[in-house]
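Note that the protein sequences, when read in sequence, are chains A and B. Under numbering that gives the first Met the number 0, the residue at position 73 of the first sequence is numbered 72, and the numbers go up by one with no gaps. Under numbering that gives the first Met the number 0, the residue at position 41 of the second sequence is numbered 40, and the numbers go up by one with no gaps.
These are calculated hints, taken from the structure and not from any lab test. One thing to keep in mind: the hints can contain errors.
[To be verified] Here are some, though not all, of the chain A residues that point toward chain B, as calculated from beta-carbon distances under 10 angstroms:
{"#": "1", "residue": "G24"}
{"#": "2", "residue": "A80"}
{"#": "3", "residue": "R92"}
[What the hints assert, rightly or not] A short list of chain B residues far from chain A (calculated; beta carbon distances all over 12 angstroms):
{"#": "4", "residue": "D51"}
{"#": "5", "residue": "A54"}
{"#": "6", "residue": "E55"}
{"#": "7", "residue": "A92"}
{"#": "8", "residue": "A97"}
Cβ coordinates follow ideal geometry from the N, Cα and C atoms, glycine included.
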Amino acid sequence: MILVVVDAAEADRVSEGLRAGIGLGLRGDDVVVVLTGPAAGFSQSDDPRIVRALRTLGELRRPARVVDEAELAGLLVAARAIETWSSARVEVRRLRIGDREIEVDGRRFRAGGRAIDAAEVVAQILGSDGPIVVR
Amino acid sequence: MAKRLTIVVSTAAERGDLDAAFELARAASACGVYVSMFFMSEAVAGLPARRDELAELAEDGCDLAVCAASAAAAGLGEADIGLPLGGQDDHAAMVSRADRVVAFT
Numbered sequence: 000m001i002l003v004v005v006d007a008a009e010a011d012r013v014s015e016g017l018r019a020g021i022g023l024g025l026r027g028d029d030v031v032v033v034l035t036g037p038a039a040g041f042s043q044s045d046d047p048r049i050v051r052a053l054r055t056l057g058e059l060r061r062p063a064r065v066v067d068e069a070e071l072a073g074l075l076v077a078a079r080a081i082e083t084w085s086s087a088r089v090e091v092r093r094l095r096i097g098d099r100e101i102e103v104d105g106r107r108f109r110a111g112g113r114a115i116d117a118a119e120v121v122a123q124i125l126g127s128d129g130p131i132v133v134r
Numbered sequence: 000m001a002k003r004l005t006i007v008v009s010t011a012a013e014r015g016d017l018d019a020a021f022e023l024a025r026a027a028s029a030c031g032v033y034v035s036m037f038f039m040s041e042a043v044a045g046l047p048a049r050r051d052e053l054a055e056l057a058e059d060g061c062d063l064a065v066c067a068a069s070a071a072a073a074g075l076g077e078a079d080i081g082l083p084l085g086g087q088d089d090h091a092a093m094v095s096r097a098d099r100v101v102a103f104t
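Excised from the complex, chain A in its bound form:
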């Protein structure tokens, strides 16, 4: 299952996340789109882009659902790929690979208080047995 997590606070980002959720289903994959955190309130939005995207997802019989942290945690475990559409204001990126977390600051990566190079990050990504969560 491909999981699209929309947790942005801005209508533009929410709209784009929903559009990605529609597009990712074009190859027949099982795609689940959820609204959580600040994005949950957009489930009742009157922004025409969001209204249209939510309607399309509903017509495709995979409506976007509002989920809480507990339900989201279960979906994250079940997914094989995850796109998290977060607020543009989040300062530090974090990659979660299994039980490890890597901080991303542009071209620099840090894990466990030490700098690591991109090749090591790639090795961890490809060596993992679960999806990569970027927050």
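Given chain A's structure and the hints, the job is docking chain B onto it.
Below, chain B without anything else, positioned relative to chain A:
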């Protein structure tokens, strides 16, 4: 068989995600990983300034695609970015085929 890594970027260049994505793509490609990258939304506006890096990645065999709708919204065409424009079908195909997906979205 080579592993497939797909990287999706949707954020503005100032966010730093394009930098991280290019760094990971270069490292993965150097290790023999098959890399696909899809750019959409605000990330697309940052691509003209990265044309040389995009060309290098393409030369290394990376599969690169840009959302045409996002490019149009940013007032950009293929000549500005140096890559053919694609769409959400490319996005879906890249994620569908990937062993692992890293989404800076």
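Results of checking the hints against the structure:
Restraint check, G24 of chain A versus chain B: the minimum CB separation of about 7 angstroms is within 10 angstroms; hint holds. A least Cβ separation of about 4 angstroms between A80 of chain A and chain B falls short of the 10 angstroms threshold, and the interface hint therefore holds. With a least beta-carbon distance of about 7 angstroms to chain B, the hint placing R92 of chain A at the interface is held under the 10 angstroms criterion. Distance check on D51 of chain B: its Cβ is at least 16 angstroms (rounded) from any Cβ of chain A, clearing the 12 angstroms threshold; non-interface status holds.
Against chain A, the non-interface label of A54 of chain B holds: every CB pair exceeds 12 angstroms, the least being about 19 angstroms. A cut-off of 12 angstroms between C-beta atoms confirms that E55 of chain B is not in contact with chain A; the least separation is 15 angstroms. A cut-off of 12 angstroms between C-beta atoms contradicts the statement that A92 of chain B is not in contact with chain A; the least separation is 6 angstroms. For A97 of chain B, the shortest C-beta to C-beta distance to chain A comes to about 7 angstroms, within the 12 angstroms cut-off, and the non-interface label is violated.
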